Amino acid sequence: MKNPRAAVMTMEGTNNEMEAYLSLIHAGANAEIVHIKKFENSEKKLGDYDLLFLPGGFSAGDYIRAGAIMAARIKAKLIRDIESFVDDGRLVMGPCNGFQILIELGLLPNTEGKWETEAALAQNISNRFEARTIYVKVNNNKCVFLKKFREGEILKLPIAHMEGRFITRDERVLNEILTRRMNVLSYVNREGKESGYPWNPNGSMMNIAGLCNEKGNVLGLMPHPERVFYKVTESDWTRNGTGEGMGYRFFLSAVEHMKEKF
Amino acid sequence: MGTEFLETVEILNSGVKELNKISKNYNLGLSTEEMLRIKSYFSSQGRNPTDVELQAIGQAWSEHCGYKSSKVYLKKFIFGIAPNKILSQGDAGLVDFNDDIAIALKMESHNHPSAIEPYGGAATGVGGILRDVLSMGGQPIAVTDVLYFGERSKKGFPSPKFIESGVISGIRDYGNRVGIPTVSGGIFYSNDFVPNVLVNVGCVGVVKKSNIMKASVDKPGLKLIIAGGKTGRDGIHGVNMASKTLEKGEEDTTTVQLGNPIIKEPLIHAVLEANERKLIYALKDLGGGGLSSVIGEMLLSGGMGGDIYLEMVPLKESNMKPWEIWISESQERMMLAVKEENINEVMDIFNSWDITASIIGHSRSGKDLRIYYNGQKVLDMDLEFLTSSPLYYRSYRHIKQPKESFLPSYPKDIERIMLKMVGNINVRTREYAVRQYDHTVRGSTVIGPFSGNVGSEGPTDASIIRPSWDRSEGIAISHGSNPFYSKIDPFRGAKAAVDEAVRNIVSSGAKPIAFSDCLNAGNPEIPEIMGEFISMLSGLRDSASSLEIPYVSGNVSFYNQTGKSRIPTLPTILAVGKIDRIEKALTPDFKNFGNPVYMIGLPYVEMGGSLYSRILKFNDNNVPNSEPTILKSRITKFLKAFDDDLILSSHDISDGGLAVALAEMTIGSGIGVDVDISSFGMRSDMFLFSESQSRFVIEGRKGSEERIREIFGNDAFIIGYTSESFKGINGEENLFNIELERIRKKWKEGYI
Amino acid sequence: MPFLKITVTLKKSVEDAEGQSVVKALKLLGYENIKDVRTGKVYFIELENGSIEEGREFCSKLLSNPVINECKVELDGN
Amino acid sequence: MPFLKITVTLKKSVEDAEGQSVVKALKLLGYENIKDVRTGKVYFIELENGSIEEGREFCSKLLSNPVINECKVELDGN
Ligand SMILES: Nc1ncnc2c1ncn2[C@@H]1O[C@H](COP(=O)(O)OP(=O)(O)O)[C@@H](O)[C@H]1O
Ligand SMILES: [Mg+2]
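Protein chains in written order, with the numbering used here: chain V, 3 to 264; chain B, 444 to 1195; chain H, 2 to 79; chain F, 2 to 79.
You may find that some hints are simply not true.
As the list claims (entries may be wrong) - Label-pair ranges, simulated between beta-carbon atoms: (1) V:Ile156 with B:Glu760: 51 to 59 Å; (2) B:Glu783 with H:Lys12: 55 to 63 Å; (3) V:Lys40 with B:Lys651: 24 to 32 Å.
No wet-lab data here; the hints were simulated from the structure.
From a predicted model like this one, the values you see are computed outputs, not experimental measurements.
Glycine is no exception: its CB is placed at the ideal position from the N, C-alpha and C atoms.
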């Protein structure tokens, strides 16, 4: 069987493409780093890939708002392609800056199905860039990227962001997210209980750390699974041994799904 | 007289007074002797210089570019240590790592710009150091920063808090945006850094051995390409500013820049791609002195002449004069020498990354440089004369001070002093700064700045980066410096800096392999300061030559002085090491209960500059003396015990001595230790707080006692066992008994 | 040449973390009379043939997220 | 209650990286008529007994660095 094809889309300032690319490769995907320009001028076609990865970083410096410029660029030329990519059941994953872009584009949460911006990731409540390890709980493993996790499982993942405070446009959007169980990951403390800052590092509503669309093929999240593919890159591995890291199963879930499906 | 964009300057008929006036009016920063030297050169040419020519000389002969006060001494003391271990030297230095790659490293100061505009000064410091590693063909993998701030305000200068917050934000915003993890560094607070703050930034990178770049242009007909940021009026005369003392109310905005990481990030990709495809012949970055310095050095080192066409330089502002274009220090620029047949491919690469690039000239046989602007010749000079700054044997004086130890009366409350130490501004957590730096980007950080249980981590000694996901080796990165020692005794302070850098590397389980030295001092024209500078260099030499570890790169920053206030003469040492199997790396957090805890190396009564002396405010000028041969033998023994899997955790003993080292090992682990020091027969405070060098605390495996004794001989001592409490006794005397949570709270004070 | 001045602020309903930090910092500096601080960004856009309508487009396409932001557009303003 | 509006911008001589990114983005969105963009920050400070002088103090003590910034203070402005 052919390995599934993954595109890691970059522009100036997206700077997590290396760890994303390597995680995909090591999980068995046939990954490629592609500059947004090549999609814009049709040198590359989104349709040739099974997975689109929007990496973290500071696209265009995160000037204006995190992800705003890259999202505007995508909206101008590529949004239809991405919408049909999603409708086709192909996979999209965006950690950190990628999540910010997915929200700006309206690909998440998209409760109304109109691809409109229904939420925002605002400045952290601490008004600080926060780089540390946090815990999240898996609320729902129907999401393609979470197949290999148990519901209720507690994951340990790194975060590194200034704008991660999840806010919805209104109560209705928030309620839809909760009823449809799209809030697949929430921030919890060491005991696995939802609690405030610093365990919720940015002040997100309902401790939301990650969202998956209803269909289960688009995942956006603030933490960085691609940075902990191996245990030795987890912050406390010298206390807990080596082997696969917390990020490994995100990628394995996605790659296995693609191998089955495509 | 020339046209309106060019001036000819009358020097042939100028006397000393006029010459000095010219140096001042044109902001050249040159001395009378230097002006006379220029006059005689142009007399032999039979003509007056243009302003472009004078400005070019002003750059090349500045202290910053020319190393005119330090070079003869650097040669004598620093260069030539373990030369066979240096793979290559240029903007950064290279050391061999494995059959595939070499490591590039460099540490540099950005002190003067940061004192004036902390945010931009620190940000462009990071930008500059990244370019130095890139210039070697290296992929930057880690940024580091060692910062020295004041505490008290001084009239007419920005407040220390303002400076600190600007510097930290600048490093954060630049480093995070380019996506290179900031993994290691240090922050010191002392009023010796009012108003002369020090910002020393380092970068470590990896280069495939087949892709190592050189800067020298040793062939005629190579095209010179400038790529990256456009050239503007920003940063004109930056090197001259860094070559004089800082005085009140100086805010010459033309030297201030904020940097643009969003040009740097793709520029790094583009240059590395062109290098990978073997399209670059020679490479160098534009830093201090701008085009003037980079082109001069590239051609001179390759023995070539060259022709430059300034109208080809992409500009930010259209009305710039030729001399401004030539010496502008605008950020984010790289200079490539490329063979004619590769030009198209190189330009395509830059285009695909949305990076501006332009061919501005070429090399040719000869020893002279000619610069044209819209067809008119604006500079025509011998490169040797232009680029080789005069060198000075500055006079120096050593101040002799007898070593006097002072024994304070025995303190009543050891426990209270320990807590005070853990919460001391120079000891407590740096998370308020470091957690604003992305230290996990690139997914290769194996050991970061903190380790231990999630949410309550403690400090680590060295950071470890895995350069390749397919191999098991790791690069350990750390620093050493101690401004309190250096202030009292620059010689011992320098040795202690090396000792600490090495200790940190070894403590993580790695073998130290190379240094970069970033030297900071006051005005070199003052003989006492030059004397201290030389003492520092001889300390650096003694330590490194005994260890046989080379300084592969470095940097000198003088004139960190304002009137009589000046900084201690001090080095910041960036060290890198190699660990063969990252999954064996060590961190300081204790791993389990009931394990033997060893102290490696005995303490002495040498409290000069120690945290204890600073807290109790007693004077002592007997600074801890690092003995390089002892350091060397302890490293060997430590690494042997490490290879034999006897060590579970390790921490170096520095600020606050054994007491603080033990306390820090409890923070990330929630595991304490019960200590009994009665068998040593030394005063408890001296035993606990002495900062004698080359020492470690290690947590050994259960049952490791015999093997540890075999390896260390009488250099390792069991001082206790890990436990649920944190207690110390000296026979009958209870020294301390502190709840672990109290230690953690003290150390984290003010930070959630 | 005309220019547009566009001011982007957070909606009142969204907590302004930066504003809160400024309040804290000013109080620490001894200014006890501070009640509240809200922050925003301004863009001074120099352009040929600009109009308020075009400024509104910049807002909706790039400069603001309607979920959290308000956008004010002025032409030739100062 | 009075409030101060303080606008902090970069001096003309200092390059505005954010402004440059906005220019590029607007051009890519098809707005070819953009000449230049400069950015700034605004602080709306609500306080008791505020004065322009106090606003100037906020500028020099906290909100700006005179080396790179210009600060404009307006009282009760909008
Ligand atoms: N103290 C030092 N020890 C070792 N090498 C040094 C020292 N100071 C400068 N160098 C070396 O001299 C060369 C020029 O340094 P520098 O002027 O700082 O580089 P640039 O300004 O081009 O970035 C570099 O190779 C640098 O590593
Ligand atoms: Mg350089």
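We went through each hint and held it up to the structure:
| no. | hint | result |
| --- | --- | --- |
| 1 | V:Ile156 with B:Glu760: 51 to 59 Å | holds, 56 Å |
| 2 | B:Glu783 with H:Lys12: 55 to 63 Å | holds, 59 Å |
| 3 | V:Lys40 with B:Lys651: 24 to 32 Å | holds, 25 Å |
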